[in-house]
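Please work from the sequences and hints to get the whole structure.
Number of protein chains: 2
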Amino acid sequence: MVSRIGKEIEISPVELASQIAKKVKINLASGTPDPKKIPLNDIREAYTEVIEEYGAKVLFYPGAGGQEELIQEIDKKFLNLLGITKRKDEKIVITSGAQHALELIGKYFLENDVIAVENPTFIETFNSLKLRSSSIVPISLDYDGLNVDELEDILKIVKIKLLYTIPNCHNPAGVNISECRRKRLVELAEKYDFYIIEDDPYRPIAGEVPPPIKNFDTSGRVIYVSSFSKIIAPGLRIGFIIANEQISEKISLLEQLDFSTSTINQYVVARLIRKGMIEERSKELFRYYGEKMKILIDSLRENGLNEFDPPKCGFFLLLNLNKNSWDVFYKAVEKGLSFVPAKPFFIRGGETMARLSISVASPEQIVEGVKILSDILAR
Amino acid sequence: MVSRIGKEIEISPVELASQIAKKVKINLASGTPDPKKIPLNDIREAYTEVIEEYGAKVLFYPGAGGQEELIQEIDKKFLNLLGITKRKDEKIVITSGAQHALELIGKYFLENDVIAVENPTFIETFNSLKLRSSSIVPISLDYDGLNVDELEDILKIVKIKLLYTIPNCHNPAGVNISECRRKRLVELAEKYDFYIIEDDPYRPIAGEVPPPIKNFDTSGRVIYVSSFSKIIAPGLRIGFIIANEQISEKISLLEQLDFSTSTINQYVVARLIRKGMIEERSKELFRYYGEKMKILIDSLRENGLNEFDPPKCGFFLLLNLNKNSWDVFYKAVEKGLSFVPAKPFFIRGGETMARLSISVASPEQIVEGVKILSDILAR
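Line by line, the protein sequences give chains A and B. According to this note's numbering, numbering within the first sequence proceeds without interruption in unit steps and concludes at 379. According to this note's numbering, numbering within the second sequence proceeds without interruption in unit steps and concludes at 379.
By construction, these hints were calculated from the structure, which means they are not laboratory data. Some clues are possibly wrong.
Claimed, not checked - Rough simulated footprint, nothing fancy, chain A against chain B, three-plus residues with beta-carbon under 8 Å:
#: 1; segment: 32 to 41
#: 2; segment: 59 to 68
#: 3; segment: 118 to 130
#: 4; segment: 199 to 207
#: 5; segment: 255 to 264
#: 6; segment: 276 to 289
Said to hold, decoys possible - Derived, one-sided and incomplete: chain A residues facing chain B with beta-carbon distance under 8 Å:
#: 7; residue: Arg4
#: 8; residue: Ile11
#: 9; residue: Pro13
#: 10; residue: Leu16
#: 11; residue: Leu40
#: 12; residue: Ile43
#: 13; residue: Ile51
#: 14; residue: Glu53
#: 15; residue: Pro62
#: 16; residue: Tyr108
#: 17; residue: Phe109
#: 18; residue: Ala233
#: 19; residue: Leu253
#: 20; residue: Ser260
To be verified - Pulled from the structure, derived: some chain B residues nowhere near chain A, Cβ distances all over 12 Å:
#: 21; residue: Met1
#: 22; residue: Val2
#: 23; residue: Asp113
Cβ coordinates follow ideal geometry from the N, Cα and C atoms, glycine included.
The following block contains the structure:
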């Protein structure tokens, strides 16, 4: 007999589809940032520079909560660039990417509690919360993001501990929550006494999006999660949390249980921020991925595939195939195309939905992939 | 209301003493490897080399379970060098250091179970297990390590889920478990149906020590934990687990919850193993720390402080001060010396014990530190 988490953990369906995807020509499955856009030279130089400047210090054990040098750079520069307001009673805690942040938040808050989540949601990050909750309340999404009216109807009858949301460039739905809904979410959190986990890894490459939900929060009900995976590189495993003092303090202590955030990688990210890399890449990557997304949207429409909300940013578009998406998936793989059948992202429904990603595919591959998909669906 | 772990987590007493220690001249508190011995140039070169050789691949998301390149180097070279036998039904899982390994193991196995542990033990790593157990059975240590007779007496009346042990260069007790006791531990695990977590971070710098407990195991009851923190550098956060297929598979899956192990750092460690750095440093560091330990032992004896088991390896010596160690600690800090009052390492007793570390102090500082301690005790 093992723990509940030990019993219930299983291979992520996204991982499974990605493994199959590796074997095909056209990859519309993977959600990893485009390898062509990883700033290899800058990263290589940053490693050399931090070792030369700081010496052995960059290779000591990490302090729980994160290295002060990185916290300062985020506080001085990165938050400002992203339009994130940090209140005086809030602190930054460095984590090993957003996924680690979610695991720490889940570990801190949850012990068989009721939580609410967008339907669909990104199951991989959500898993840390799911495996520690007793029951999950799914809330519909539309083009303006999470349906706040539906949420309030549910809150009137169900007490929740927290709500998990991806406000920008939603994975897998590709939508952004509108500004007025963001305000409303904070009001609901106040009124019905729950916390909001705002998982916002795409903001650094999202272009013009509404302010973070946490900017509307005055009482510490929003825990903001960010990451350098999209704007720099996922292999560094650096992200952060902003939360009120009590929560950030406790989450720092919980980091003592895994001590997993590489010290030198924190210095490397601090260095890259200091050198102005983020400003530069933020616009460039928004433009780069935006162009690929436009190609996907145009191709789908040209092929008469119209059942989707056109994303304004990010990597993902959620398409209704009107057929079982696993059936379509296996046919697509035979033709050299992969995507992610989106059922696993849904708490309920979603059997005919497909997540298409533009992150690693070239423009030509996107066009060809849509053609393959359209041919399969036409039969 | 938060989770049990969220409620019970508190600042590590070792961290607290270390923070005070930073402000004094002579640091016999810190357990961090000597900064002078971190191979900065080799590490800097390895970062450059892996980026040049593999390109963007080293900066992708890490695969759950670890990068194949590192697993291969450990399997082909590192285990052999350390005298670790891996059975065919066992697998290596890469972690963000040994601490992360312990967190994953705790998360997998424990949900309010009874566990056994050496008294004293290293409270920081043990915390991941402690916070998930209902009750902790302390087992005495002597110069030959964990007292197996006492353990069996307890096993006759108490059912335990697992035993946590540090077999070599024990932290804080400085002892090694004898070979016959290692065999006996495996027999007991079989007979009384429990798992053994063998936390062995010091083996790479331990010189000649008995074979790992896991070498005597034939049925997958031992989970072996290792780390590159002492032999290379802690700031990379790379360690690993060896466990039977079922457990290693599940622990790989649990890594999907935090995805915290830096991809590029795994390639860097693989590169350093391949270049033969480990063989070279293994002997050199054993000699280096051994000389400092000898100075500590000789100084203590010269000053009439004899109540300790002389360590054969590692960083730590556990000294009985015969006075409340916190009282002595505060007086020592006033005189410019720090150590760790060892009470927090004990499940029971230990009020008069002090952990002295030779890892970062110079030979002169060790001699001076013992003189200060002896003066305080003589008063």
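Structure-based check of all given hints:
1. Here's how the segment 32 to 41 of chain B fares: 5 of its residues keep a CB closer than 8 Å to some CB of chain A, so the rule of at least three is met and the hint holds.
2. With a threshold of 8 Å between beta carbons, the proposed coverage of the segment 59 to 68 of chain B by chain A holds, since 5 of its residues qualify and at least three are required.
3. Here's how the segment 118 to 130 of chain B fares: 3 of its residues keep a CB closer than 8 Å to some CB of chain A, so the rule of at least three is met and the hint holds.
4. Taking a C-beta to C-beta cut-off of 8 Å, the segment 199 to 207 of chain B contributes 0 residues in contact with chain A, too few for the three needed, and the coverage statement is violated.
5. A count of 9 residues in the segment 255 to 264 of chain B with a Cβ less than 8 Å from any Cβ of chain A is obtained; the coverage claim is therefore met, three being the minimum.
6. Here the segment 276 to 289 of chain B counts 0 residues with a CB under 8 Å from a CB of chain A, which misses the bar of 3, and the coverage is violated.
7. Evaluation of the Arg4/A hint against chain B yields a held restraint, the C-beta minimum of about 6 Å falling below 8 Å.
8. At a threshold of 8 Å, the smallest CB-CB gap from Ile11/A to chain B is about 6 Å, leaving the interface hint in force.
9. Below 8 Å, beta-carbon pairs count as interface contacts, and Pro13/A has none with chain B, the closest being about 11 Å; its hint is therefore violated.
10. Interface hint at Leu16/A: violated, since its Cβ lies 12 Å from the closest Cβ of chain B, which is beyond the 8 Å cut-off.
11. This hint holds: Leu40/A has a C-beta 6 Å from the nearest C-beta of chain B, less than the 8 Å allowed.
12. Hint status for Ile43/A: holds, given a least beta-carbon distance of 7 Å to chain B, under 8 Å.
13. At about 5 Å, the closest approach between the beta carbon of Ile51/A and any beta carbon in chain B falls short of 8 Å, and the interface hint on this residue holds.
14. The criterion of a C-beta within 8 Å of any C-beta in chain B is not met by Glu53/A, whose closest approach is roughly 11 Å, and the hint is violated.
15. Taken as an interface hint, Pro62/A checks out: its beta carbon lies about 7 Å from the nearest beta carbon of chain B, inside 8 Å.
16. Among the interface hints, the one on Tyr108/A holds; its C-beta lies about 4 Å from the nearest C-beta in chain B, closer than the 8 Å criterion.
17. For Phe109/A, the suggested interface contact is upheld, since its CB lies about 5 Å from the closest CB of chain B, less than 8 Å.
18. A least Cβ separation of about 4 Å between Ala233/A and chain B falls short of the 8 Å threshold, and the interface hint therefore holds.
19. For Leu253/A, the shortest C-beta to C-beta distance to chain B is roughly 5 Å, which falls under 8 Å, so the interface hint holds.
20. The closest approach between the C-beta of Ser260/A and any C-beta of chain B is roughly 3 Å, which is under the 8 Å cut-off, so the hint is satisfied.
21. With a minimum CB-CB distance of about 8 Å to chain A, Met1/B fails to clear the 12 Å threshold, and the non-interface call is violated.
22. Chain A draws Val2/B into its interface by the beta-carbon criterion, the shortest separation being 5 Å against a cut-off of 12 Å.
23. A cut-off of 12 Å between C-beta atoms contradicts the statement that Asp113/B is not in contact with chain A; the least separation is 9 Å.
Against the hints set out earlier in the document, violations occur for numbers 4, 6, 9, 10, 14, 21, 22, 23.
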